[in-house]
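Work out the full structure: start from the sequences and follow the hints.
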Amino acid sequence: MRAGKPACAPFLEYEARMSEQESAPIVSLTDAAKHFGPVRALDGVSLSVRPGDCLGLVGHNGAGKSTLVYLINGGLAPSSGEIAFPGATEAADAGVRSVFQELSLCPNLTVAENLRVSLRDMKGASWRRTAGDIITKSLDQIFPGHGIDPNAEIDSLPIAERQMVEIAIGFAPRGTKARLVILDEPTSSLDAGIAEQLLTHIKKFCADGGAVIFISHMLGEVFEVASRIIVLKDGGIVAERPTAEFTRRGLVEAMGHVAAEGTEAAASAQRHTGEIVIQTEQGLTARKGEIVGLSGLAGHGQAAALAKLYLSSSSNWRAGHRPKCVFVAGDRPRDGVLPLWSILFNMSISLLRQVDAWGWIDRKAERAKSEEWKRRIGIRTDDVENPVLSLSGGNQQKVLFARALASTAPVVIMDDPMRGVDVGTKQDVYAMLREEASKGRTFLWYSTETEEVCQCDRVFVFRNGEISAELTPPNITEERILEASFHMQEAS
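So for the sequence shown, UniProt numbering puts the first residue at 1; every next one is plus one.
By construction, these hints were calculated from the structure, which means they are not laboratory data. Take the hints with a grain of salt, since some may be wrong.
Subject to a maximum C-alpha distance of 25 Å in a straight line, what follows is the list of computed SDA-like cross-link-like pairs (lysine to any residue) [stated by the list, open to error]: (1) K233 to T243; (2) K288 to K308; (3) K324 to Q282; (4) K203 to T285; (5) K308 to R116; (6) K233 to W127; (7) K177 to K233.
Here it is, written out as C-alpha coordinates:
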(Lines of atoms letter the chains of each structure in order from A and count residues from 1; the text may use other names and numbers.)
(Lines give C-alpha, C1' and ligand atoms only; values in the text may rest on other atoms or scores of the structure.)
Protein backbone atom coordinates (compact mmCIF):
# COMPACT_ATOMS: atom_id res chain seq x y z
CA MET A 1 0.00 0.00 0.00
CA ARG A 2 1.40 3.33 -1.06
CA ALA A 3 2.39 5.63 1.80
CA GLY A 4 0.74 9.04 1.98
CA LYS A 5 -1.97 10.98 3.70
CA PRO A 6 -4.74 8.94 5.32
CA ALA A 7 -8.10 8.93 3.53
CA CYS A 8 -9.61 11.17 6.16
CA ALA A 9 -6.92 13.84 5.76
CA PRO A 10 -8.99 16.20 3.55
CA PHE A 11 -11.81 16.11 6.09
CA LEU A 12 -9.40 16.76 8.95
CA GLU A 13 -7.82 19.66 7.06
CA TYR A 14 -11.28 21.13 6.35
CA GLU A 15 -12.27 20.73 10.01
CA ALA A 16 -9.03 22.43 11.10
CA ARG A 17 -9.66 25.33 8.72
CA MET A 18 -13.22 25.72 10.00
CA SER A 19 -12.05 25.60 13.61
CA GLU A 20 -9.43 28.24 12.88
CA GLN A 21 -11.99 30.42 11.11
CA GLU A 22 -14.44 30.11 14.01
CA SER A 23 -11.80 31.17 16.55
CA ALA A 24 -10.23 33.93 14.42
CA PRO A 25 -11.22 37.52 15.25
CA ILE A 26 -14.08 38.97 13.24
CA VAL A 27 -12.33 42.35 13.44
CA SER A 28 -8.99 43.48 14.86
CA LEU A 29 -7.86 47.05 15.47
CA THR A 30 -4.19 47.90 16.01
CA ASP A 31 -3.35 51.42 17.22
CA ALA A 32 -6.37 52.76 15.32
CA ALA A 33 -6.75 56.54 15.48
CA LYS A 34 -9.10 59.09 13.96
CA HIS A 35 -8.41 62.82 14.00
CA PHE A 36 -10.67 65.62 12.79
CA GLY A 37 -8.22 68.46 12.46
CA PRO A 38 -6.85 69.13 15.97
CA VAL A 39 -9.59 67.01 17.56
CA ARG A 40 -8.35 63.49 18.40
CA ALA A 41 -11.68 61.64 18.48
CA LEU A 42 -9.92 58.27 18.77
CA ASP A 43 -6.30 57.96 19.72
CA GLY A 44 -4.50 54.62 19.32
CA VAL A 45 -7.11 51.96 20.14
CA SER A 46 -6.23 48.25 19.90
CA LEU A 47 -8.83 45.53 20.38
CA SER A 48 -10.27 42.42 18.75
CA VAL A 49 -13.75 40.89 18.69
CA ARG A 50 -14.11 37.12 18.29
CA PRO A 51 -17.12 34.83 17.76
CA GLY A 52 -19.03 34.44 21.02
CA ASP A 53 -17.88 37.80 22.41
CA CYS A 54 -20.32 40.32 23.82
CA LEU A 55 -18.20 43.41 24.26
CA GLY A 56 -19.66 46.11 26.51
CA LEU A 57 -18.40 49.51 25.35
CA VAL A 58 -18.94 52.31 27.85
CA GLY A 59 -17.80 55.87 28.36
CA HIS A 60 -19.20 59.35 28.76
CA ASN A 61 -20.69 61.20 25.81
CA GLY A 62 -17.85 62.31 23.54
CA ALA A 63 -15.46 59.59 24.75
CA GLY A 64 -15.05 58.23 21.21
CA LYS A 65 -17.58 55.37 21.12
CA SER A 66 -19.36 56.51 17.94
CA THR A 67 -16.06 57.14 16.15
CA LEU A 68 -14.90 53.63 17.05
CA VAL A 69 -18.15 52.19 15.67
CA TYR A 70 -17.70 54.02 12.36
CA LEU A 71 -14.13 52.74 12.03
CA ILE A 72 -15.27 49.15 12.58
CA ASN A 73 -18.25 49.31 10.21
CA GLY A 74 -16.29 51.11 7.48
CA GLY A 75 -18.10 54.43 7.78
CA LEU A 76 -14.78 56.16 8.50
CA ALA A 77 -11.21 55.41 7.48
CA PRO A 78 -8.58 55.56 10.24
CA SER A 79 -6.14 58.46 10.28
CA SER A 80 -3.50 55.93 11.36
CA GLY A 81 -3.27 52.37 12.56
CA GLU A 82 -4.81 49.23 11.07
CA ILE A 83 -8.26 47.63 10.95
CA ALA A 84 -8.40 44.04 9.69
CA PHE A 85 -11.19 41.57 8.99
CA PRO A 86 -9.52 38.14 8.84
CA GLY A 87 -11.00 36.14 5.99
CA ALA A 88 -12.75 39.16 4.48
CA THR A 89 -11.77 42.36 2.71
CA GLU A 90 -14.19 44.77 4.37
CA ALA A 91 -16.80 45.07 7.13
CA ALA A 92 -19.80 44.12 4.99
CA ASP A 93 -18.12 40.93 3.75
CA ALA A 94 -17.25 40.03 7.35
CA GLY A 95 -20.91 40.23 8.40
CA VAL A 96 -20.56 43.42 10.44
CA ARG A 97 -23.86 45.23 11.07
CA SER A 98 -24.64 48.46 12.91
CA VAL A 99 -27.78 49.57 14.73
CA PHE A 100 -27.47 53.26 15.44
CA GLN A 101 -28.72 55.33 18.36
CA GLU A 102 -30.08 57.88 15.86
CA LEU A 103 -32.37 55.69 13.79
CA SER A 104 -31.41 55.42 10.12
CA LEU A 105 -34.77 54.23 8.79
CA CYS A 106 -36.50 55.97 5.89
CA PRO A 107 -39.71 57.36 7.45
CA ASN A 108 -41.71 57.41 4.20
CA LEU A 109 -41.06 53.71 3.45
CA THR A 110 -42.70 50.65 4.98
CA VAL A 111 -41.00 48.26 7.39
CA ALA A 112 -40.42 45.75 4.56
CA GLU A 113 -39.18 48.42 2.16
CA ASN A 114 -36.61 49.58 4.71
CA LEU A 115 -35.20 46.04 4.81
CA ARG A 116 -35.13 46.04 1.01
CA VAL A 117 -32.83 49.11 1.03
CA SER A 118 -30.02 46.87 2.31
CA LEU A 119 -30.92 43.95 0.01
CA ARG A 120 -30.06 45.21 -3.45
CA ASP A 121 -30.15 41.73 -4.98
CA MET A 122 -33.78 41.20 -3.98
CA LYS A 123 -35.75 41.39 -7.23
CA GLY A 124 -38.90 40.08 -8.81
CA ALA A 125 -42.57 40.95 -8.61
CA SER A 126 -43.02 39.48 -5.15
CA TRP A 127 -40.03 41.14 -3.43
CA ARG A 128 -42.27 43.03 -1.00
CA ARG A 129 -43.76 39.78 0.25
CA THR A 130 -40.30 38.22 0.56
CA ALA A 131 -38.94 41.24 2.44
CA GLY A 132 -42.00 41.23 4.68
CA ASP A 133 -41.48 37.56 5.53
CA ILE A 134 -37.79 38.11 6.35
CA ILE A 135 -38.34 41.11 8.63
CA THR A 136 -41.34 39.49 10.34
CA LYS A 137 -39.29 36.37 11.07
CA SER A 138 -36.47 38.49 12.52
CA LEU A 139 -38.93 40.49 14.66
CA ASP A 140 -40.55 37.25 15.87
CA GLN A 141 -37.18 35.84 16.93
CA ILE A 142 -36.14 38.94 18.88
CA PHE A 143 -39.45 40.42 20.07
CA PRO A 144 -42.10 37.69 20.37
CA GLY A 145 -45.61 39.14 20.21
CA HIS A 146 -44.38 42.44 18.69
CA GLY A 147 -47.51 43.04 16.54
CA ILE A 148 -45.65 45.16 13.95
CA ASP A 149 -47.13 45.12 10.44
CA PRO A 150 -44.36 44.80 7.79
CA ASN A 151 -46.50 46.95 5.46
CA ALA A 152 -46.80 49.83 7.93
CA GLU A 153 -44.95 53.05 7.11
CA ILE A 154 -42.14 53.78 9.53
CA ASP A 155 -43.43 57.29 10.22
CA SER A 156 -46.70 55.84 11.55
CA LEU A 157 -44.93 53.77 14.23
CA PRO A 158 -44.09 54.97 17.75
CA ILE A 159 -40.38 55.37 18.43
CA ALA A 160 -40.18 52.11 20.41
CA GLU A 161 -41.45 50.10 17.42
CA ARG A 162 -39.14 51.99 15.05
CA GLN A 163 -36.20 51.01 17.23
CA MET A 164 -37.42 47.38 17.25
CA VAL A 165 -37.53 47.42 13.43
CA GLU A 166 -34.01 48.86 13.21
CA ILE A 167 -32.71 46.15 15.54
CA ALA A 168 -34.51 43.39 13.61
CA ILE A 169 -33.00 44.62 10.32
CA GLY A 170 -29.56 44.51 11.96
CA PHE A 171 -29.90 40.84 12.86
CA ALA A 172 -31.82 39.75 9.72
CA PRO A 173 -30.04 37.76 6.97
CA ARG A 174 -29.01 40.19 4.22
CA GLY A 175 -26.95 38.30 1.66
CA THR A 176 -24.28 37.53 4.26
CA LYS A 177 -25.06 36.21 7.72
CA ALA A 178 -24.74 38.67 10.60
CA ARG A 179 -21.56 37.79 12.53
CA LEU A 180 -20.92 41.01 14.48
CA VAL A 181 -23.82 43.32 15.38
CA ILE A 182 -22.97 46.71 16.89
CA LEU A 183 -25.82 47.97 19.06
CA ASP A 184 -25.61 51.66 19.99
CA GLU A 185 -28.02 52.42 22.89
CA PRO A 186 -30.47 49.78 21.57
CA THR A 187 -32.86 49.89 24.54
CA SER A 188 -33.05 53.67 24.94
CA SER A 189 -36.64 53.78 23.63
CA LEU A 190 -37.80 50.37 24.85
CA ASP A 191 -39.71 49.59 28.02
CA ALA A 192 -38.33 47.03 30.46
CA GLY A 193 -40.20 44.05 29.05
CA ILE A 194 -39.17 44.63 25.43
CA ALA A 195 -35.60 45.45 26.48
CA GLU A 196 -35.41 42.12 28.31
CA GLN A 197 -36.48 40.32 25.11
CA LEU A 198 -33.58 41.95 23.28
CA LEU A 199 -31.06 41.09 25.99
CA THR A 200 -32.22 37.47 25.90
CA HIS A 201 -31.72 37.39 22.12
CA ILE A 202 -28.23 38.93 22.42
CA LYS A 203 -27.15 36.20 24.84
CA LYS A 204 -28.49 33.48 22.54
CA PHE A 205 -26.90 35.07 19.45
CA CYS A 206 -23.48 35.14 21.11
CA ALA A 207 -23.89 31.62 22.51
CA ASP A 208 -24.52 30.45 18.93
CA GLY A 209 -21.24 31.95 17.69
CA GLY A 210 -22.25 35.50 16.85
CA ALA A 211 -20.66 38.58 18.42
CA VAL A 212 -22.07 41.85 19.70
CA ILE A 213 -20.61 45.23 20.62
CA PHE A 214 -23.09 46.58 23.15
CA ILE A 215 -22.98 50.33 23.80
CA SER A 216 -25.20 51.53 26.61
CA HIS A 217 -25.36 54.00 29.47
CA MET A 218 -27.69 51.57 31.28
CA LEU A 219 -25.01 49.83 33.26
CA GLY A 220 -27.31 47.10 34.57
CA GLU A 221 -27.84 45.91 31.00
CA VAL A 222 -24.10 46.00 30.29
CA PHE A 223 -23.44 43.80 33.32
CA GLU A 224 -26.21 41.40 32.25
CA VAL A 225 -25.05 40.67 28.70
CA ALA A 226 -21.37 41.63 28.32
CA SER A 227 -18.62 39.03 28.65
CA ARG A 228 -15.98 41.78 28.57
CA ILE A 229 -16.13 45.53 29.17
CA ILE A 230 -14.01 48.24 27.56
CA VAL A 231 -14.04 51.76 28.99
CA LEU A 232 -13.26 54.65 26.64
CA LYS A 233 -12.23 58.09 27.82
CA ASP A 234 -10.99 61.00 25.69
CA GLY A 235 -10.55 58.71 22.70
CA GLY A 236 -8.51 55.99 24.40
CA ILE A 237 -9.08 52.73 26.28
CA VAL A 238 -8.61 53.29 30.02
CA ALA A 239 -9.86 49.88 31.23
CA GLU A 240 -10.52 46.47 29.68
CA ARG A 241 -11.27 43.25 31.52
CA PRO A 242 -13.92 40.54 31.99
CA THR A 243 -17.25 41.82 33.24
CA ALA A 244 -17.01 39.76 36.44
CA GLU A 245 -13.96 41.80 37.48
CA PHE A 246 -15.90 45.09 37.47
CA THR A 247 -18.30 46.52 40.03
CA ARG A 248 -20.77 49.25 39.18
CA ARG A 249 -18.88 51.82 41.24
CA GLY A 250 -15.54 50.67 39.82
CA LEU A 251 -16.89 51.00 36.29
CA VAL A 252 -18.22 54.51 36.89
CA GLU A 253 -14.91 55.52 38.46
CA ALA A 254 -13.04 54.15 35.44
CA MET A 255 -15.22 56.34 33.23
CA GLY A 256 -13.92 59.33 35.17
CA HIS A 257 -17.08 60.55 36.90
CA VAL A 258 -18.10 59.19 40.29
CA ALA A 259 -21.89 59.12 40.28
CA ALA A 260 -23.69 58.69 43.57
CA GLU A 261 -25.19 55.32 44.23
CA GLY A 262 -28.88 55.21 44.96
CA THR A 263 -31.34 58.03 44.39
CA GLU A 264 -30.52 61.10 46.42
CA ALA A 265 -33.20 63.11 44.69
CA ALA A 266 -35.85 60.57 45.58
CA ALA A 267 -34.69 60.61 49.19
CA SER A 268 -35.24 64.37 49.34
CA ALA A 269 -38.65 64.20 47.67
CA GLN A 270 -41.55 65.43 49.69
CA ARG A 271 -45.31 65.35 49.36
CA HIS A 272 -46.39 68.62 47.71
CA THR A 273 -49.67 70.22 48.71
CA GLY A 274 -49.30 73.61 47.03
CA GLU A 275 -50.92 75.24 44.04
CA ILE A 276 -52.03 72.90 41.24
CA VAL A 277 -50.59 74.22 37.95
CA ILE A 278 -51.50 71.26 35.71
CA GLN A 279 -54.81 69.38 35.64
CA THR A 280 -56.06 67.23 32.74
CA GLU A 281 -59.27 65.36 31.96
CA GLN A 282 -57.44 62.07 32.51
CA GLY A 283 -56.74 63.00 36.12
CA LEU A 284 -53.07 63.96 35.66
CA THR A 285 -52.15 66.77 38.08
CA ALA A 286 -48.95 68.60 38.98
CA ARG A 287 -48.27 71.17 41.66
CA LYS A 288 -45.86 74.06 41.77
CA GLY A 289 -42.33 72.82 42.49
CA GLU A 290 -43.22 69.16 41.92
CA ILE A 291 -41.53 66.55 39.74
CA VAL A 292 -44.27 64.30 38.39
CA GLY A 293 -43.39 61.08 36.59
CA LEU A 294 -45.32 59.22 33.90
CA SER A 295 -44.64 55.51 33.67
CA GLY A 296 -46.01 52.22 32.38
CA LEU A 297 -45.30 50.11 29.30
CA ALA A 298 -44.13 52.08 26.26
CA GLY A 299 -46.86 53.15 23.86
CA HIS A 300 -49.68 53.26 26.41
CA GLY A 301 -50.49 56.94 26.02
CA GLN A 302 -47.82 58.73 28.08
CA ALA A 303 -46.18 60.56 25.17
CA ALA A 304 -49.57 61.42 23.65
CA ALA A 305 -50.76 62.89 26.96
CA LEU A 306 -47.66 65.08 27.23
CA ALA A 307 -47.88 66.20 23.58
CA LYS A 308 -51.53 67.20 24.02
CA LEU A 309 -50.71 69.07 27.22
CA TYR A 310 -47.78 70.90 25.64
CA LEU A 311 -49.68 71.92 22.51
CA SER A 312 -52.63 73.19 24.54
CA SER A 313 -50.28 75.32 26.65
CA SER A 314 -47.96 76.63 23.93
CA SER A 315 -50.16 77.34 20.90
CA ASN A 316 -50.72 81.01 21.77
CA TRP A 317 -48.20 82.97 19.72
CA ARG A 318 -49.00 86.08 21.80
CA ALA A 319 -47.65 84.41 24.95
CA GLY A 320 -45.13 87.20 25.44
CA HIS A 321 -41.80 86.97 27.27
CA ARG A 322 -42.88 84.21 29.65
CA PRO A 323 -44.10 81.04 27.94
CA LYS A 324 -46.32 78.70 29.98
CA CYS A 325 -44.24 75.60 29.31
CA VAL A 326 -41.25 74.25 27.44
CA PHE A 327 -40.59 70.81 25.93
CA VAL A 328 -37.58 68.46 26.08
CA ALA A 329 -37.82 65.80 23.37
CA GLY A 330 -36.45 62.28 23.59
CA ASP A 331 -36.71 61.72 19.82
CA ARG A 332 -33.99 64.22 18.95
CA PRO A 333 -33.98 63.98 15.14
CA ARG A 334 -37.76 64.32 14.80
CA ASP A 335 -38.80 66.60 17.65
CA GLY A 336 -35.73 68.27 19.10
CA VAL A 337 -32.57 69.19 17.21
CA LEU A 338 -32.59 71.81 14.44
CA PRO A 339 -29.97 70.05 12.29
CA LEU A 340 -28.95 72.95 10.04
CA TRP A 341 -28.27 75.28 12.95
CA SER A 342 -25.31 75.74 15.25
CA ILE A 343 -25.13 74.64 18.88
CA LEU A 344 -25.57 78.30 19.83
CA PHE A 345 -28.76 78.77 17.85
CA ASN A 346 -30.20 75.44 19.01
CA MET A 347 -29.77 76.54 22.63
CA SER A 348 -30.72 80.20 22.31
CA ILE A 349 -33.97 79.78 20.40
CA SER A 350 -35.81 79.65 23.74
CA LEU A 351 -33.97 82.77 24.92
CA LEU A 352 -34.77 85.17 22.10
CA ARG A 353 -37.42 87.00 24.11
CA GLN A 354 -34.89 87.47 26.90
CA VAL A 355 -32.07 88.83 24.73
CA ASP A 356 -33.96 91.09 22.34
CA ALA A 357 -34.22 94.85 22.58
CA TRP A 358 -36.95 96.53 20.58
CA GLY A 359 -37.05 93.59 18.16
CA TRP A 360 -33.25 93.33 17.76
CA ILE A 361 -31.36 90.32 19.16
CA ASP A 362 -28.48 91.16 21.45
CA ARG A 363 -25.93 88.70 20.06
CA LYS A 364 -23.49 89.33 22.89
CA ALA A 365 -26.11 88.49 25.51
CA GLU A 366 -27.24 85.48 23.46
CA ARG A 367 -23.72 84.05 23.32
CA ALA A 368 -23.09 84.76 27.01
CA LYS A 369 -26.24 82.83 27.99
CA SER A 370 -25.29 79.92 25.72
CA GLU A 371 -21.75 79.79 27.11
CA GLU A 372 -23.15 79.81 30.65
CA TRP A 373 -25.38 76.80 29.95
CA LYS A 374 -22.64 75.03 28.03
CA ARG A 375 -20.58 75.16 31.25
CA ARG A 376 -23.46 74.35 33.59
CA ILE A 377 -24.63 71.26 31.75
CA GLY A 378 -21.22 70.15 30.43
CA ILE A 379 -21.64 70.23 26.65
CA ARG A 380 -18.40 68.91 25.12
CA THR A 381 -17.45 71.39 22.41
CA ASP A 382 -14.73 73.99 22.04
CA ASP A 383 -17.04 76.43 20.24
CA VAL A 384 -20.83 76.86 20.43
CA GLU A 385 -20.72 78.12 16.84
CA ASN A 386 -20.02 74.54 15.70
CA PRO A 387 -22.87 72.66 13.96
CA VAL A 388 -25.11 70.86 16.43
CA LEU A 389 -24.63 67.62 14.47
CA SER A 390 -20.91 67.75 15.27
CA LEU A 391 -21.87 66.67 18.81
CA SER A 392 -22.41 63.12 20.01
CA GLY A 393 -26.01 62.05 20.58
CA GLY A 394 -25.77 62.53 24.33
CA ASN A 395 -24.33 66.03 23.95
CA GLN A 396 -27.12 66.92 21.52
CA GLN A 397 -29.54 65.91 24.27
CA LYS A 398 -27.72 68.23 26.67
CA VAL A 399 -28.36 71.06 24.22
CA LEU A 400 -32.09 70.33 24.40
CA PHE A 401 -31.94 70.39 28.22
CA ALA A 402 -30.05 73.69 28.11
CA ARG A 403 -32.66 75.12 25.74
CA ALA A 404 -35.45 74.21 28.15
CA LEU A 405 -33.84 75.06 31.49
CA ALA A 406 -32.47 78.39 30.26
CA SER A 407 -36.01 79.56 29.45
CA THR A 408 -38.32 81.21 31.97
CA ALA A 409 -41.16 78.70 31.47
CA PRO A 410 -42.59 77.58 34.85
CA VAL A 411 -43.50 74.11 33.51
CA VAL A 412 -41.03 71.75 31.81
CA ILE A 413 -42.46 68.76 29.90
CA MET A 414 -39.95 65.95 29.24
CA ASP A 415 -40.67 63.05 26.88
CA ASP A 416 -38.15 60.30 27.76
CA PRO A 417 -35.31 62.84 27.56
CA MET A 418 -32.40 60.74 28.89
CA ARG A 419 -32.04 58.54 25.80
CA GLY A 420 -28.30 58.09 25.17
CA VAL A 421 -27.17 60.20 28.12
CA ASP A 422 -24.32 58.81 30.23
CA VAL A 423 -24.66 57.90 33.89
CA GLY A 424 -22.63 60.84 35.17
CA THR A 425 -24.64 63.37 33.19
CA LYS A 426 -27.86 61.75 34.37
CA GLN A 427 -26.87 62.33 37.99
CA ASP A 428 -26.01 65.95 37.18
CA VAL A 429 -29.36 66.46 35.46
CA TYR A 430 -31.25 64.86 38.37
CA ALA A 431 -29.60 67.34 40.74
CA MET A 432 -30.33 70.24 38.38
CA LEU A 433 -34.02 69.28 38.11
CA ARG A 434 -34.29 69.03 41.88
CA GLU A 435 -32.65 72.45 42.25
CA GLU A 436 -35.03 74.01 39.70
CA ALA A 437 -38.02 72.35 41.39
CA SER A 438 -36.98 73.81 44.74
CA LYS A 439 -37.30 77.25 43.13
CA GLY A 440 -40.92 76.50 42.17
CA ARG A 441 -40.53 75.02 38.71
CA THR A 442 -42.80 72.08 37.81
CA PHE A 443 -41.66 69.06 35.80
CA LEU A 444 -43.70 66.40 34.01
CA TRP A 445 -41.35 63.56 33.15
CA TYR A 446 -42.12 60.48 31.06
CA SER A 447 -39.38 57.85 31.15
CA THR A 448 -39.02 54.24 30.07
CA GLU A 449 -36.39 53.78 32.82
CA THR A 450 -37.86 52.81 36.19
CA GLU A 451 -34.77 54.15 37.97
CA GLU A 452 -35.55 57.62 36.61
CA VAL A 453 -39.23 57.46 37.48
CA CYS A 454 -38.26 56.65 41.07
CA GLN A 455 -36.61 60.09 41.24
CA CYS A 456 -40.05 61.73 41.13
CA ASP A 457 -42.29 63.13 43.86
CA ARG A 458 -45.37 61.46 42.40
CA VAL A 459 -45.90 58.96 39.56
CA PHE A 460 -48.88 58.29 37.28
CA VAL A 461 -48.81 54.83 35.68
CA PHE A 462 -50.50 54.56 32.27
CA ARG A 463 -52.16 51.51 30.79
CA ASN A 464 -54.15 51.43 27.51
CA GLY A 465 -54.22 55.22 27.33
CA GLU A 466 -55.58 55.68 30.84
CA ILE A 467 -54.09 56.32 34.27
CA SER A 468 -54.10 53.01 36.13
CA ALA A 469 -52.46 54.20 39.35
CA GLU A 470 -51.13 57.25 41.15
CA LEU A 471 -48.11 56.44 43.33
CA THR A 472 -46.47 58.48 46.05
CA PRO A 473 -43.44 57.73 48.27
CA PRO A 474 -42.71 55.17 49.65
CA ASN A 475 -44.81 53.29 47.06
CA ILE A 476 -42.84 54.51 44.03
CA THR A 477 -41.07 51.20 43.44
CA GLU A 478 -40.41 49.00 40.43
CA GLU A 479 -42.78 46.34 41.81
CA ARG A 480 -45.68 48.78 42.23
CA ILE A 481 -45.10 50.31 38.79
CA LEU A 482 -45.06 46.88 37.10
CA GLU A 483 -48.15 45.82 39.00
CA ALA A 484 -50.03 48.92 37.83
CA SER A 485 -48.73 48.51 34.28
CA PHE A 486 -50.37 45.10 33.90
CA HIS A 487 -53.43 45.36 36.19
CA MET A 488 -55.86 48.27 36.36
CA GLN A 489 -56.13 49.46 39.93
CA GLU A 490 -59.42 49.99 41.70
CA ALA A 491 -60.20 53.58 42.63
CA SER A 492 -59.52 54.06 46.30
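Hints, one by one, checked against the model:
With a CA separation close to 18 Å, the supplied pair K233 and T243 stays within the 25 Å bound. Taken as a hint, the K288 and K308 pair is honoured in the structure, with Cα atoms around 20 Å apart against an allowance of 25 Å. Taking the CA atoms of K324 and Q282, the gap is about 20 Å. The hint holds against a cut of 25 Å. Taken as a hint, the K203 and T285 pair is broken in the structure, with Cα atoms around 42 Å apart against an allowance of 25 Å.
For the suggested pair K308 and R116, the alpha carbons sit about 35 Å apart, so the restraint of at most 25 Å is broken. Taken as a hint, the K233 and W127 pair is broken in the structure, with Cα atoms around 45 Å apart against an allowance of 25 Å. Taking the CA atoms of K177 and K233, the gap is near 32 Å; set against the 25 Å cutoff, the hint is violated.
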